[in-house]
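Asker: Sequence:
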Amino acid sequence: MAIRRGRNHITSQFEFGSATVTLYDQNGDWNPMNPASAYYPNLVPLRQIIIFASYGGNDYSLFSGFITNYDTGFRQGNEDVSTVNLRCVDGFKLLAGSAISTVSGAPAGQLSGARVNALLDTIEWPLSLRNIDTGDSTLQADPGTSRTALEALKTVEDSEFGGIFVDADGAVNFVSRNNLITIPASAAYAFSDDGSAISYTNAVVALDDTTLINDVTITREGGTAQNAFDQSSIDKFFLHSGTRQGILVQTDAEALNQAQGILATRKDPEVRIDSIQLNLYDDINPNKPLAGVDIELLDGILVTKTMPGSTSVVQPSLVNAIHHDITKRSWMTTLFTSEPLLAGFVLDSTISGILDSDVLSY
1 MAIRRGRNHI TSQFEFGSAT VTLYDQNGDW NPMNPASAYY PNLVPLRQII IFASYGGNDY
61 SLFSGFITNY DTGFRQGNED VSTVNLRCVD GFKLLAGSAI STVSGAPAGQ LSGARVNALL
121 DTIEWPLSLR NIDTGDSTLQ ADPGTSRTAL EALKTVEDSE FGGIFVDADG AVNFVSRNNL
181 ITIPASAAYA FSDDGSAISY TNAVVALDDT TLINDVTITR EGGTAQNAFD QSSIDKFFLH
241 SGTRQGILVQ TDAEALNQAQ GILATRKDPE VRIDSIQLNL YDDINPNKPL AGVDIELLDG
301 ILVTKTMPGS TSVVQPSLVN AIHHDITKRS WMTTLFTSEP LLAGFVLDST ISGILDSDVL
361 SY
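First residue of the sequence shown: 1, per my numbering; consecutive thereafter.
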């Protein structure tokens, strides 16, 4: 079984969550055309699937979504072994397939969280499957253009500088800008390779220009392009431009705040830890399998990596993607991490409240 959920590292956009479940099916129970199957005639596309793990007497959701494919195959050996692969996607597929235009209850001056709820109301998304922050930015009236619900939600996400994803329970989550900034300051779990916290393997440590942005232009809908740049960074690392347009913030001043916030966070490259891997079959540290099944997207974690030359990298991060690879004899979980695109100074935090190190945000 393989589960993939979270952001694309290159585009920094949350994508469809997916799962592939392989079932041995010698009796044809999972053959959609078999009338003798106990599941007949219900083996059709878009049936709900829930995957969970039990640990320490508690159940932890890993994936909730919908089966799109029933792919039958045959493994050759001494005898044919019939298998069925269930191909599954999460609720982003439903959001991407829901066309909207006019959105009632979406006036100018509305907070971003209320806008998310208005969009979800338009497609009758269940109230029980929502975890929506209030939000920090007020928005223009919804433009009423023809688009999908997912496209409209991503516009709100970009306007707020927040995060929208479908969690392991199948609920739409909207995390506000200020919460994204403060989450890494109080990590849910700490990992290290020196014995001081939960152990891990296969850390990917990088120093490159992937996250470098030293010339930022933000243009709100109906507004004037707002630009912020750092000439010292440009002189040292060459020009690295980034743009955002069509966001729904109400003033050019807030668009400029966004540009300046991105610039302050991204104008200098830093050593970062892109991912770590957890072997959840490790019985030595019971906190490791617990962390592997309990961590959700956009949770904060703290990772310490010892480097050659008696140095170390200590990185407070957001979990941007979670991959589970599970067989009968192994369970490897990979956590992909990054700092928020917009960082901020958090009072009283020993991680994100260091003078002359952390930057202010708006």
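Because the hints were derived from the structure by calculation, they are not lab data.
A few of these clues could be false.
[To be verified] Calculated lysine to any residue pairs in the SDA-like style (CA-CA distance at most 20 Å, straight line):
(1) Lys305 - Thr201
(2) Lys288 - Glu270
(3) Lys93 - Asp59
(4) Lys288 - Asp59
(5) Lys93 - Phe66
(6) Lys328 - Lys154
(7) Lys154 - Ala206
(8) Lys154 - Ser101
(9) Lys236 - Asn279
(10) Lys154 - Asp268
(11) Lys288 - Thr83
(12) Lys154 - Thr201
(13) Lys328 - Phe52
(14) Lys154 - Thr243
(15) Lys305 - Val205
(16) Lys236 - Ala206
(17) Lys93 - Gly242
(18) Lys154 - Asp209
(19) Lys236 - Thr201
(20) Lys305 - Lys328
(21) Lys93 - Gln48
(22) Lys93 - Asn58
(23) Lys288 - Trp331
(24) Lys288 - Asp268
(25) Lys288 - Lys328
(26) Lys328 - Ser101
[To be verified] Ranges of calculated distance between the beta carbons of each label pair, as one might list FRET restraints:
(27) Phe238 - Ser54: 50 to 56 Å
(28) Lys236 - Gln13: 42 to 48 Å
(29) Gln48 - Glu15: 17 to 23 Å
(30) Ile49 - Ser128: 42 to 48 Å
(31) Glu296 - Leu207: 26 to 32 Å
(32) Thr243 - Glu15: 19 to 25 Å
(33) Ser186 - Ser241: 32 to 38 Å
(34) Val205 - Ala96: 33 to 39 Å
(35) Ser146 - Thr201: 37 to 43 Å
Every value quoted in this text rests on a predicted model; they were computed, and no experiment measured them.
A virtual CB, placed ideally from N, CA and C, is assigned to each residue, including glycine.
Asker: Now look at each hint and say whether the structure bears it out.
Answerer: Right, here's what the structure says about each hint:
| no. | hint | in the structure |
| --- | --- | --- |
| 1 | Lys305 - Thr201 | 10 Å, holds |
| 2 | Lys288 - Glu270 | 28 Å, violated |
| 3 | Lys93 - Asp59 | 25 Å, violated |
| 4 | Lys288 - Asp59 | 16 Å, holds |
| 5 | Lys93 - Phe66 | 9 Å, holds |
| 6 | Lys328 - Lys154 | 38 Å, violated |
| 7 | Lys154 - Ala206 | 28 Å, violated |
| 8 | Lys154 - Ser101 | 15 Å, holds |
| 9 | Lys236 - Asn279 | 41 Å, violated |
| 10 | Lys154 - Asp268 | 27 Å, violated |
| 11 | Lys288 - Thr83 | 31 Å, violated |
| 12 | Lys154 - Thr201 | 34 Å, violated |
| 13 | Lys328 - Phe52 | 15 Å, holds |
| 14 | Lys154 - Thr243 | 15 Å, holds |
| 15 | Lys305 - Val205 | 8 Å, holds |
| 16 | Lys236 - Ala206 | 19 Å, holds |
| 17 | Lys93 - Gly242 | 28 Å, violated |
| 18 | Lys154 - Asp209 | 25 Å, violated |
| 19 | Lys236 - Thr201 | 34 Å, violated |
| 20 | Lys305 - Lys328 | 30 Å, violated |
| 21 | Lys93 - Gln48 | 12 Å, holds |
| 22 | Lys93 - Asn58 | 29 Å, violated |
| 23 | Lys288 - Trp331 | 12 Å, holds |
| 24 | Lys288 - Asp268 | 33 Å, violated |
| 25 | Lys288 - Lys328 | 18 Å, holds |
| 26 | Lys328 - Ser101 | 47 Å, violated |
| 27 | Phe238 - Ser54: 50 to 56 Å | 52 Å, holds |
| 28 | Lys236 - Gln13: 42 to 48 Å | 29 Å, violated |
| 29 | Gln48 - Glu15: 17 to 23 Å | 20 Å, holds |
| 30 | Ile49 - Ser128: 42 to 48 Å | 18 Å, violated |
| 31 | Glu296 - Leu207: 26 to 32 Å | 28 Å, holds |
| 32 | Thr243 - Glu15: 19 to 25 Å | 21 Å, holds |
| 33 | Ser186 - Ser241: 32 to 38 Å | 34 Å, holds |
| 34 | Val205 - Ala96: 33 to 39 Å | 34 Å, holds |
| 35 | Ser146 - Thr201: 37 to 43 Å | 48 Å, violated |
The earlier numbered hints that this structure contradicts are 2, 3, 6, 7, 9, 10, 11, 12, 17, 18, 19, 20, 22, 24, 26, 28, 30 and 35.
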